[in-house]
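Q: Taken in order, these protein sequences are the chains called P and S. Using this note's numbering, you'd call the opening residue of the first sequence number 46 and step up by one each time. Using this note's numbering, you'd call the opening residue of the second sequence number 1349 and step up by one each time.
Everything labelled a hint here was simulated from the structure, so no lab data went into it. A few of these clues could be false.
Stretch-level coverage of chain S by chain P, calculated; a stretch enters the list once three of its residues show a Cβ under 8 Å from a Cβ in chain P [what the hints assert, rightly or not]:
id	region
1	1412-1419
2	1450-1459
3	1483-1490
4	1495-1506
5	1627-1639
Quick caveat: nothing in here was measured; it's all calculated off a predicted structure. Beta carbons are placed, not taken as given, at the ideal position from N, Cα and C, and that holds for glycine.
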Amino acid sequence: MTPPFAVIAVLTIAAAVAAMTLRNLVHSALAIAVAFIGLAATYLQLNAQFVGLTQILVYVGAVAILIVFAILLTRGGEAPEKSVFSLSWIWGVLVTLAVFATLVWAIKHSFVVERETSVTAPEANVQQIGQALMTRFVLPLEVIGLLLTAALVGAVIIAMKEESVKAKIEDGRSKMDEPANPSSILHPPSSRGGQR
Amino acid sequence: MNLSLMSLEISVVALGLVVLLADLWLPAERRRALGYVAAAALGLLLLQNLSGCCSCCVAGGDGTAFGGMFVQDGLSVFFKRFFLLAGALVLVLAVEFSDRIATGVSEYYSLIIFALAGMLFAASANDFAMLFVSIELITITFYILTSFTRGKVAALEAGVKYLILGALSSAFMVYGIALVWGTTGKFNFNELAQVAGNFTDNKVFLFGVVFILAGLGFKIAAFPFQMWTPDVYQGAPTPTTAFLAVGSKAAGFVLLLRFLFTAIPSVTAHWDKLLIIISGITILYGNLCAIPQRNLKRLLGYSSIAHAGYLLLGVAAMTSAGQSAVLYYLSGYLFTTLAAFTVIALVMRHLDSEDIAGLAGLNQRSPLLAATLTLAMVSLAGIPPLAGFFGKFLLLKAVIEQGAVNHGYYCLAFTALVGVVISLYYYFGVIRAIYWSKDAASREPILISTPMRVAIVGCIAGIFWLGVAPGAVLRLAESAVNALHCPGLALN
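Chain S on its own, in the form it takes in the complex (with noise of 0.2 Å):
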């Protein structure tokens, strides 16, 4: 047994433990600090990993525990920085959100560092059982989270609206494993791999896997699971909300990876037109949407179902190009959105609604957050030089590369296209609000705390730099995908 390897998971649930029963003995106004400490520590852990690591994929730090129930590979490790980093910047967030929380602000922190941990499970997950139970802990804590503010009617309607849905597709997904496992005996992704190629044509196999890949278009938000997106995005705290697009996104999709990359690669290569119409769809149904959206919350909800649909041109793609092009989209996704978000959190602190319309004179009030919104709504709706323009360039040249194979692709990479220029419309009309509004609601300019300038500006460094010099992140990302092609870790 390889303890070592979970090292960062044992610590991470130890900090929300240690959050936890700090509320015990902490004086109660020093108890909102404990989120600036917690979003350290994480940092520290960040720290350590980008450190530690380095050395340790090189001398073969990868393995598994538990009987390959649990993976530690390039893609799990890059997944792992990627949401500790999503939940420091979402801690501090959270910090600047704790005087809206009536009760519980270190309950508040400790679930978003109880969903985070699930996050790391599911990035290590290599087995149905793993899988099942770390998107049930991130589930079920951002059941909590969203109706965490149960002084408003919205973030009730939310967290019910969420709850509902969320258990009907884990009913789907535990059915989906069942089907699986009692035709093919297999729980492990690699020795289900091995013999998925006999099951190709076993239809109670393939409705197996039909069920699954529905628990997982939940979690990230594609087509025909994507009702609940605007409404708990709009109901949700604001930190929720940005942790939900960002992180719960992402571990949906690296399950999503593993699960049709290294569990099920036979049945995978025979569902591309399944995987271009769904991504094709989301796509436009999360833009059109977008369009009529006064409530900015929910315009960042319907937009999330369009990048939901952008990430899966990459996954539709099937290649190991189209794969990096995730991780990399995803990474430029997490510094736009949370940008966004804390904005969001900052500017609509004194408003009942997250209207555009508040958005007015943002420009006088504070430049710096008028600056940062811009430059997210640019970076999301993919404009050169930023994070989001070098993604949506990698996802359609991976797309387009395997329009020789099938032509459906040229039809994707076409709707793609069309799905931006929809696009521009509805984040340059927040642009507009920002700098082009005339009776603003109040001039008097918004204070920003130093951490949280901290944050904004790490966010607006992140946009730039995968911008401009993508090179690194981009190695990273393509050595990552490696660990899905050739699962060479050794079976016992």
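Looking at chain P on its own, in the form it has when it is part of the complex (with noise of 0.2 Å):
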């Protein structure tokens, strides 16, 4: 165990079981960014450049921001009034245990650990995996731009506001069989509006 790696585990490892007792929930979202963070650190420092670089970019770029997103919009941050600790911590403690014992036993008798010459990893970095999508993997990379497409629209259509679709249907319920008037980003405005 090299010093740096002993420096990021405890660095990670507190950030995680700061995430899950501290009451505030802003507090626990950015305790997550960082052991987000940390499991990054570890992967570049296991030289896997692509899987750290992309945990940055999703985890702490991505997933920590949406938390916090949420956090903001649902309840507004004010910690909960009773104690983190319960009960049922009992169960989530064997749990873990549990999953623990069956990692360490899975790892133990795993027969990697028997294998005595150490098989030097291939390399893989962001260079050579740019230069696969570019080229071997073009046409799926391709078929994920499509992809992509058809779900940011398909987004923008569902997260719509919800007035103009409850207009829609209590007006269409009137006239069924007229050819529907699908304004796309702008809602027409409301018969009643102007009266108001």
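Join these two chains into a complex; the hints should help.
A: Pasting the structure below:
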């Protein structure tokens, strides 16, 4: 165990424990972001550049921010009154221990441990991954691009303002056979709007 | 790089983008007709494919692109025509349905076309990367299409259920792909086939294969992965349900056939028992659960599970007769299911729920629709001389032929027959509601637009054609499955 690894490991675990125990949800979210960064550092230290950078981009950049947004939009971040410790923790601890024991058992009995000569891991840096994506896997990459287009269109459609839909449905009840007026972005002025 | 092989996919994607962009310039009242334009374009592509490919298949139009990742052979051509036809009919249905979509009608059309593009890629996928990417393109587009009428709680519920279970099954499949790749180091199906024989007792490899089968089983709604089907079928807008029932299921089957018989034939050969059991349970589950259903779309959801079971008969038989029967049955299923959902969309337009009681008096309101739904139900039940009968006959024949090898096949054939007998009960319940119900809610005649009428008559013609003159399609199906067994494509 090298000193840098020890520092990163302690930091990551401390941040994870903090995320679990802190009362204030915003503090927990920040702590979990630190834990994500610690994991990314571990990956980078293992020479897995791509995984490390992806961890930073996806988890620190997107997931942590998403969590913060969710907290801010839903409950404003006030701390809960009652203690975070409860009886159900016993079960949680038991499950955790069982999972940990299984993992330890699996690793102990894995053939990787018994292998004497350490195999040199194949080099996979960001450049190689980029080249593979743009040459051999260019077709799946393009299809993923199409997928993201479809997903983006769908996200806009599903997340658009609710009231225009309701107005439309009430409208449609009365005159079902007329062709709809599917204004995509601008919802039509409501018929009652001017008279109020 | 042979880009001309992909011209169909490129055209379909371009069509989807054009429809998406046309929304910006078209006045609102003309956007609805955009669906007809898109359907006509798909029809043209289908005609061009039918006329063009007959000559190019002979001249060696088959081939691979992107290092064997994308393959164009008899099987993929068969399924591409299938998907184009289904897409065109679903678009016509979507135009009919568009007055119930509050926002984004042209987005609805273009998402259907994007899902169609995913199916076309799936038909040609010969590689785990393409398999996963095309399945995701289909599934993620369907999440959106399912909850498109988000004013309805049922649609949102269906979308969320489909999203969660779909994500779970995708996770299983990716994990399986990782395990298979980790043990064999092969991504390409043809390369995998050469080494798969060495791994038949490698547990990690077999776990990977099982996980991939779980992901594909979710797409086709086979037994342990069928939970989503009734809720999603019921909640989704009717055109989405129709496309889900036909296109998504067929895409699952083309990938399943390719995976089982091109990538891992040496493993599949040992797994006849697994396939027999899954097929039998799927048939019984779908048919038994359909009996108490009162909602027509939910009933068709359970019936679609049962049909996945029938289709698995052909996969379980593991002969080319069985596989061509799968292709034939799917063709009949396309016309039958689309006809049924078209009638549902037209008849139930003023009703909040798609209850079977809403069919009362349909015979007086529109004899054409009543006859269409009756034909669809009779064909789904498998009564001669319609498409469903001949498909079931071929599937059962393929299974019974294998009975000499393994007696489990006789049990499977018997189970399938029991399933058919059970299904007669609920299919005829629908027909009874059409002709012999007393209290009709409404007696006003139903107006059918001309393109809709063309689509309905086309479906009826298809049902009769496949039932009476099966020769042409059967020959096509037989030549298509040849591609599975002798991948005569040079590997480089």
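Q: Now tell me, hint by hint, if it's right for this structure.
A: Against the structure, the hints come out as follows:
no.: 1; hint: 1412-1419; verdict: holds (count 5)
no.: 2; hint: 1450-1459; verdict: holds (count 8)
no.: 3; hint: 1483-1490; verdict: holds (count 4)
no.: 4; hint: 1495-1506; verdict: holds (count 4)
no.: 5; hint: 1627-1639; verdict: violated (count 0)
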